[in-house]
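Sequences are here, hints too, so could you generate the full structure?
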Amino acid sequence: MKYELVVLGGGPAGLAAGIEAKKNGIKNILIIERDNELGGILQQCIHNGFGLHEFKEELTGPEYAQRFIDQMAEKGIEYKLDTMVLDVSKEKKIQAINSIDGYMEIEAEAIVLAMGCRERTRGAIAIPGDRPSGIFTAGTAQRFVNMEGYMVGKKVIILGSGDIGLIMARRMTLEGAKVEAVVELMPYSGGLTRNIVQCLEDYDIPLLLSHTVTDVKGDGRLERVTVAKVDENRKPIPGTEVNYDVDTLLLSVGLIPENDLSRNAGIIMDRRTSGPIVNESMETSIEGIFACGNVVHVHDLVDFVSAESRRAGINAAKYIKNEIKRNEKFIEIDGTNGISYTVPQKFRKENIDKGLEVFMRVKEVFKDVKLEVRSGEEVLMSLKKPHLAPGEMEKIMIPKVFMEKIKTNKIEITIAR
Amino acid sequence: MQDVLIVGAGVIGGSIARELSKYDLDVVVLDKETDVANGTTKANSAIVHAGYDATEGTLMAKYNALGNAMFDELSEELDFPFKRIGSLVVANSEEERKHIDELFQRGIENNIPGVRIIEKDELQRVEPKINKDAVSALFAPTGGVVGPWEMTIALMENAVDNGVKLDLNTEVLNIEKIDGGYRVITNQRDYETKCIINASGVYADKIHGMVAKETFKIIPRRGQYFVLDKTQGELVNHVIFQCPTKLGKGVLVTPTVHGNILVGPDAEDLSNRENLATTAERLEFVKEHAGKSIQELNFREGIRNFAGLRAQPSTNDFIIEEVEGAKGFIDVAGIKSPGLSSAPAIALDVVEIAKKILGDVKSNKNFKSSRKKHYEFITETPEKKAELIAMDRKYGNMICRCENITEGEIVDSIHRNVGATTVDGVKKRCRPGMGRCQGGFCGPRIQEILARELGKSLEEIVLDKADSYILTGETKK
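As given, the protein sequences belong to chains V and D, one line each in that order. For the first sequence, the working numbering begins at 933 and goes up steadily by one. For the second sequence, the working numbering begins at 686 and goes up steadily by one.
The hints are simulated quantities; they were obtained by calculation from the structure and are not laboratory data. Misleading hints may appear alongside valid ones.
Here are some chain D residues pointing at chain V (derived, C-beta under 10 Å) [to be verified]:
hint: 1; residue: D1077
hint: 2; residue: L1148
hint: 3; residue: A1151
hint: 4; residue: S1153
hint: 5; residue: K1161
Predicted model, so just to flag it, every value in this text is computed and none were measured. A virtual CB, placed ideally from N, CA and C, is assigned to each residue, including glycine.
Below, the structure is given as C-alpha cells:
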C-alpha cells in the first residue's frame, strides 16, 4: 500500500490535518484510527463548551467531531477504523493491523502524527495504600458513564482539578453520585476557570487546594480515602488528615502525550512537553513526519488543536509538493522566567507567511505581568497579561514584520513585571 | 477419597501439582483466592537466584542451586518467560568488597557455576549506568529473571491438562483426622484425602495448626516495589544487588522479563497476613537506597507500586517434611526467598515424600509435558502476524495499546484450562493493563470481552478479589 499522506489518529488533530492537506491539493490520503469510530476522545465528551473559537458557537464533543467527520466524508478522504499502527520507521514505512485487512505495510511520502495523549495513573504518582477496585482515571470513568452507560461509584473523591476531573465531578453528581470533594495538590486549579464555576461551584462541590490523597483503604472495593493538607513543598502535613468513606477515587492528575511510535521512529523529543520537538511547519526532527494536537503538547481547548493541526496539514501538503524551504537556519525559541515550554520550539523565517503563532504554558500563577518576546536585549513585543495560570495555555502571534528584527539564532519569550 | 490435596495454588502448590500429575493419582488443589498465583507469587522480586547466598547446609542452599538449574528446561517445556541474564552483587567500598569475597566463597561451597569477582573496569563495561563508586562485584552468570505468575499459571494449566483438579474460591476452615487420611472442611464443601500438602504461603502455620501442635510461626514480611516504564528498560542489564548494611539487605534493581525495571524491596514484619498496602515512607526508603546502585533511576517514569508478603518462618529455613504425629500431612512452609528459584526442586522432593506415604504409585501414561501453544502476537514475525489474523480475526484487533495485546490473545487466556475470570486474571496471563496506562484504555474492553466469553453481565466482572466490583449499576435512562 502506498499513500502520499498517512495520518496516524482520527481524533480532532488527525481529522483537521487530513482535511487541510486535501484542501491543499493532496489526493491520496489515509487516516488510521485505532478506535471503532472517528472523533477520538471528543466522542465521550458529551458536555458542551467546544467550538467557541472554531465555530463561534457552543457544541458538545460529538457535535464538534461530527463537523469534521462530515467535511472529511465530503472530501472523500480514506480512513481505516479499528486499526492499530505497530511501527513507523524513519523511511516513513508503517506497519499496521486490523481484523479485516490483516497485517499491512504502508508506504507514505509524508506522515502526520496525531495520536493524542493518555492519562497519568495512580502508579505514576505513587499514591500509597491498598489496591482495591474503585480507583479510575477520570477519562476511563467518563468512558464507562458516557459511552457504556454504567456508573462507576456512589460516593466519590476526585484527585486533581484538571478539566476532565472537574467535568466528571459534575457528571457523577448529575448521575446521582455524591462527590465529596475535588482535591488539588497545587495552590491553584489546573482547570479552566469556567469549569470551576460551572462544574463545582454550581453544585456546591468543595475544591480543596493544597491537599492530596495520602492513603487508600479497601480489601476488595475501595472503602476509604485519606486526604491531607500539603505544605509549600507539596509534602503532606501530619495531623491534617481527614478520612472520607467513599467507594470511588477518580484521578485527573495530568495527561501525557502518547509518543511510543515517535520514539521508536527515532524522533527527537522535548522533555518539557513529552512530545516531539517541532518547527514552524509542525515538522518533527525527521523530514516529512509532522505532528499536531495532544501528541505534541497537551491542549486545554480542542479549538486550538484544530488550528494547530491545520498548520500540520498544510505543511505536510507543502512537503509533498516540495514547497518547504529547506535552509537549516533555525531560530530557537527559549521560554524563560516562568514559561515552562513553547511550541514550536524553533522556526525558519523563510517559511513564515503572516506570522508565527507560538503556544506556551506558564509554571505558576502570575498577575499583572507582561509577556515579552525578546531578541538579545531588544524587546520585539510586549503584551500585558492581567492573569496567567498553568491551567490555561497562552498563545501569541509574532507578526512577520518582527521577523526581520531578529538578528540572533535565538529569541526569548519571557515574563516581565 | 483424594490421594493428594494441596492447599495453595502459588508457585509451590503449582510446581508440586504439576510434578504429581506425572503419576496416576487423584489430586486436587485448593486456593481461597479467585485465581492461582494470587499471594506471594504475585508480588515478589521475580528473581531466579544463582544460589550463593544461602548458608551451606540449609534447605535453602540445597534447593536453590538445584532449582535454578531446572529453569531452562522447565521454561522451554511450559513456555513461560525466563531469562538467564546473570546477577551482580556490587561493592561500593573496600569494606563491602569483604562481603562479596565471603559470598564468593559461599558460592564455591554451594557449587554455583561460574561465579567470579569482577573489578571496576569490567563492571563499568557490562553495566555502564552503575554507581561510579562501585569498586567490584560478584558476578553469577546463572542468576536470572522469571515471570512468577506466568510460570505458576503454566504449571497449573499443565497439571490440569494432565488430570489435576483445581478448586478456586475455596478456603480451608478446618481439617479433621479420619480413617486413612483427613477431612478438609472448606467454605465450599468437604474433601476427604489420604495426603495433604500444605503450600499455603503466609498461612502455612495456621494450616499446620489444624492437624498438629505449633512448631513454627510464619511472619508476613512486607516488601514494597516500584515498576518503571519500558522507556527505562535498558538502564541495567543484570539483576543488581547491593551489599547488606546495618540498615538492611539493600534493595535490588533489575530488568523484568518483559523489559520494565523493578526496584525494591524493603523489609517490614507485619501481623496482618493480607496487608498489601504500600506506604509513602517505605517507598521513599526504596527510592533512596536504590540510588546506591544506579543514580540515574527516573522515578517519574514509574508506572506502578506494589507490596508483597514473604512467608518468613521463625526457623529461618524452609520447612519441608511430613509432620511428626500427623501422618500424610506434609508441610512445605516458610518458603521465603529463594523460594521461587527453589520451587521446581522442592516439588521433586515433596512428590517423593508423598509417594512414600501413598505406597504403590504408578506413573501417568498419558502425561504430556507441554501445554497448548499460545501466541504473543507483537513478538511474532510479519508473516506469522498475517497468518494469525487470517486464522482468527481477533488477532487483528488490538486491545491493549501499551503492551500491544490483541483480542485473540485475551480470548485464548480466558478459554484455556485455568483460564482467566477476572480483569487481573487476564492481565496476569497476557499483560493488558501492565503497561503505562495501567488499563485506562483497555480495562473496559477487557471487562466486555470477559463478560461476553464467560456469559456474564458487565457488572459481574470483578477486578481481582470476589468483592472487587468495578461498576455500580447503569446510568439514568
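Can you name, in rising order, the numbers of the hints this structure does not satisfy?
Failing hints: none at all.
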